[in-house]
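Whole structure, please, built from the sequences with the hints as guidance.
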Amino acid sequence: MGKEHAQCPNLPLHLMQPPVLHKIKNQTLWLSPLRAIFWEEERALILSDLHFGKTGHFRKAGIAVPQAIYKEDMQRLVNLLQYFQPRQIIAVGDLFHSKANQELEWFKRWRGDFAAHFHLVRGNHDILHDEWYKEADIEVWDDDLIINNFCFTHEHCQGKKAIYTFCGHLHPGIVIHGLARQSLRFPCFYFAKDHCILPAYSKFTGLAIVESSKAESVFAVVENSLIRM
Amino acid sequence: MQLTHTKGYQVVHQWLSSKGFQPFAYQEESWQHIVNGKSGLVNAPTGTGKTFSVFLGTVIQFINQHPKTYQSKGKNGLLLIWITPLRALAKDIGRAMEEVIAELGMQWQVGIRSGDTSTADRQKQKRQMPEVLIITPESLHLLLTQKGYPEIFKNLQVIAVDEWHELMGSKRGVQVELAISRICGLSNAQLKDKPGLSIWGISATIGNLEQAKDVLLRPITHPQPLKGSSSAAKPWLNKNGIIVRASLSKSIEVESILPDEIEKYPWAGHLGIKLAKKVLPIIEQSRTTLIFINTRGMSELWYQTLLNVAPELAGAIALHHGSIESELRNWVEEALHEGKLKAVVCTASLDLGVDFRPVETVIQVGSPKGVARFLQRAGRSGHQPDAVSKIYFLPTHSLELVEAAALKSAIEEEFIESREPMILCYDVLIQYLCTLAVGEGFVPDEIFSEVKSTHCYSELTEEEWREILFFITLGGNALQQYDEYKKVEIENGIYRIKSRRIAMRHRLHIGTIVSDSMLKVKFITGGYVGMVEESFLSRLEPGDSFTLAGRQLELVMIKEMTALVKKSNAKKSIVPSWMGGRLPLSASLGKVLREAFGKAGMVNGDEIELSVLQPLFEVQQKLSLVPAPNELLIEQIETRDGFHLFVYPFEGRLVHEAMAAVLGYRISRITPITFSIAMNDYGFELLSDQPIPLDDSNAYELFSSDNLMEDIQHSVNATEMAKRKFRDISVIGGLIFQGYPGEYKKARHLQSSAGLIFNVFSEYEPDHVLLRQAFQEVFDQQMEEVRLRQMLERIQRSRIVITYPKRLTPFCFPIKVDSLRENLTSEKLEDRVRKMQQQLES
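Residue numbers (this note's numbering), protein chains in the order written: chain L, 1 to 229; chain F, 230 to 1071.
Please note that the accuracy of each hint is not assured.
[To be verified] So these bits of chain L aren't anywhere near chain F, every CB distance computed over 12 Å:
no. : residue
1   : E72
2   : N79
3   : L81
4   : E103
5   : E105
6   : A115
7   : I127
8   : W141
9   : A162
10  : R185
[As the list claims (entries may be wrong)] Straight line, CA to CA, 27 Å or less: simulated DSS-like cross-link-like pairs of lysine-lysine:
no. : chain 1 : residue 1 : chain 2 : residue 2
11  : F       : K828      : F       : K796
12  : F       : K727      : L       : K99
13  : F       : K248      : L       : K203
14  : L       : K99       : L       : K134
15  : F       : K715      : L       : K203
16  : L       : K108      : F       : K715
17  : L       : K203      : F       : K954
18  : F       : K297      : F       : K383
19  : L       : K214      : L       : K25
20  : F       : K954      : F       : K355
21  : L       : K134      : L       : K108
22  : L       : K99       : F       : K355
[Claimed, not checked] Among chain L residues calculated to face chain F with C-beta under 8 Å, some are:
no. : residue
23  : H57
24  : F58
25  : K60
26  : V65
27  : P66
28  : Q67
29  : A68
30  : S98
31  : A100
32  : W106
33  : A136
34  : H156
35  : A192
36  : H195
Think of the hints as simulated: they come from the structure by calculation, not from any bench. Note that this is a predicted model, so its numbers are computed, not measured. For glycine and all other residues, C-beta sits at the position ideal for the given N, C-alpha and C.
This is the structure in structure tokens:
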């Protein structure tokens, strides 16, 4: 059974498409196919809907989803941190899926290895005690977080904020229609005039299909690359 | 023991004579076998007292065992388990049994156990089991989750499985197999000097009766030695088992309802409604008529149409299908019993069940898709022992008349399809093991040998068994980090579910029927109408009208899994199309259909249906050809739409779908070409914008069975199909939690979709048993690999005739018009992604 103790799926960086440059309000944003945005001026890594601990939550309830998804999600974050070397991490909600479990302890231990400041804009799934976040060295924002003319919030950011807003919650996805009525669905980055909806970071999440016609630009995450629609 | 000399027989015989009845020979035969402690299968059509064969046998045996005290002796514990596929049947059967018991002056209790049984009744049964328990397969499994369940079966003498032909081909049949293996295992352990348990199936005629019997009895005919023990398994008293046949060939009269002018009757695309007027005299002449329609949506339309053409029938006709509120259905069934209704428009929902004596006539609208189903439906009429079952066939398009001729000759030759038992359903096994773990817990070695004794799992390997045990105890691979997986726990070698929460969730999910998520439809003022699939309602806007249960309704809003509606006066309304309404043609019917078409090609066909169709066949013959049974017709036609290739194997829609994909793939290797595919039960079409390179020189090669599997895998998007199969598997196997009834919100953090789980497993555990099962089901059921291969081998032996008609022929027309059109994707998902990417980038 020893061989089952396999290594985390670790995508070599050279196989990864380089991040895609996307300028908003004169700020430099790098979109990564690993489902995150790196904001160069603030050296901030922006993510959403990580749903850490979800596999554990399911498994604890007797539903045997493979834990490998979580391992891969965490490993991907390590890759992002190593690649961009951010000063701060901004999670716009749903960092953790549910109540505390062993998988979150694992996260906490892992967290100790990285110095970057961790902001969490509270999402509907973030229901842990304040104490827990403190121990994990995570700064929690119950209202919007505003940094240098960008606003970060979990949901409903469309047209409600005075400044450009980043949010998550939706798990946006896009359908690509091919020839002969074929269609495929992918997670996507959705940029509108005044807001951006981030793709769900966790691979253990479904998709809500969005209409691309109202967007300024949409980038589909197709395996390890981004395609601008 | 000679039956006729026994006290029990004399008591029962006397009682029957006092009512003026004579037992049928087959009933006496089965009583004799039951008295002798044998097992077997009773083959009898509905409406011939098959219930009394096994039930009275058990009564006789009891009287023989207690000749002095049989009338006073109560509280005997459970003696007879009666497994039935339909809840609705339980009540009627129970009533009939109670009547007998009362008239014999016995003290037996008859209990019913199904999803409808109240908690109070369950508690009562727990304290004192009735002598007879009528139960569904699901509820039988639920019984196994009770603490101390082995006690229940201590005195059990007979397990009867009603409508076994109906259960066998499904996962519910597998549930029955597993439950029997457990009860036999218990009985085996307790078997000292007691007579063994008898198992009796009751089945209508199917092509593989012998196999049906073997599958059911396998746990007693093939007991497996306990794993790790060298001693052979205990021999059972009754080896092999017997088939008792009711040689009451009930005569069936089939008559087609013929259109007046065949030339004017639609070639395709109709529901037979044009002939509705011709149905009226038939309804008038019979006491009660059942009108069988293939889909729920069509039955709604037919009901409306009948009311339109004959408004005087209002109140005398009713509608019955699976999505109608059960109270209304019960009312319809009661009214049928009482002879209050002139006609009922129904679907397969009335295929089974006790006899409605007033029913004198049955009308089948459209193809019944199989001989057995047609017979079953015909058997719903004419219940008096020598009454003739009368069934009318109403074609929905002209060529379907050939099917009537085919059905007639199939009935004459008793050419009836088989039901294939399912094998290696890992999902059902996983659910079953958790069921045992909730109840008493289980010892793997013991259960392994029991499970191996069933037909379904006879080929289960020890490795697969280990994999499944890992899955339920460790949640897959061992050695996860920080893992708190918890389901089945091992304690002193016994596998148990200890968490009350998990146990409760499991109990709620026992069962193998997974339905698309259905929404309740209620009037905004209160009052329940029925159920409709969520996917249908999601396409409607508030204010839209639709038809359900024969009523015109307007959607007001959807609120928490309920669609609120009000009455509508709209002229036009949408009829919901429920999923799963499209059954493919059976192989047997396909064969007789080919023969019928062959006969049609000859002059002087003596069948009325075929002679009516003569003008149509003449057109077909003039333009192309009417193929003989040993010919495969291929038509190449050029129209404005492009280049059509029509092929007519008569093998049913599913096989045609796979065949079309394979043929398309093989042709595309000759030259780069794109197709769209269409098919129906008779044949399929490839349509392209360029000429299709198929001719005499390569036809046999293109229809070769060599490399079939490889070509299937290249041509059909098996992953997409497996994903669809995985939906049911993941629910049965416990990977999808559907929420608690009524309070679905509370478990939100545990919800995910089958599609997501499928993707996750494909990526991280591609070897998972449940994933393997999904693909296997695609090959076995969806593509029917065996049947596809047999078809190709048959084609190799037949004469392939290619014609080049100048215009569309009567044969190809229904395919072009009626069929589901699907596109051929001969690429794997990754290739499709790449291609789309290129398309996007360029």
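message: Please list, smallest to largest, the hint numbers that this structure does not respect.
response: Violated hints: 1, 4, 5, 7, 10, 11, 13, 20, 22, 31, 33, 34, 35 and 36; rest satisfied.
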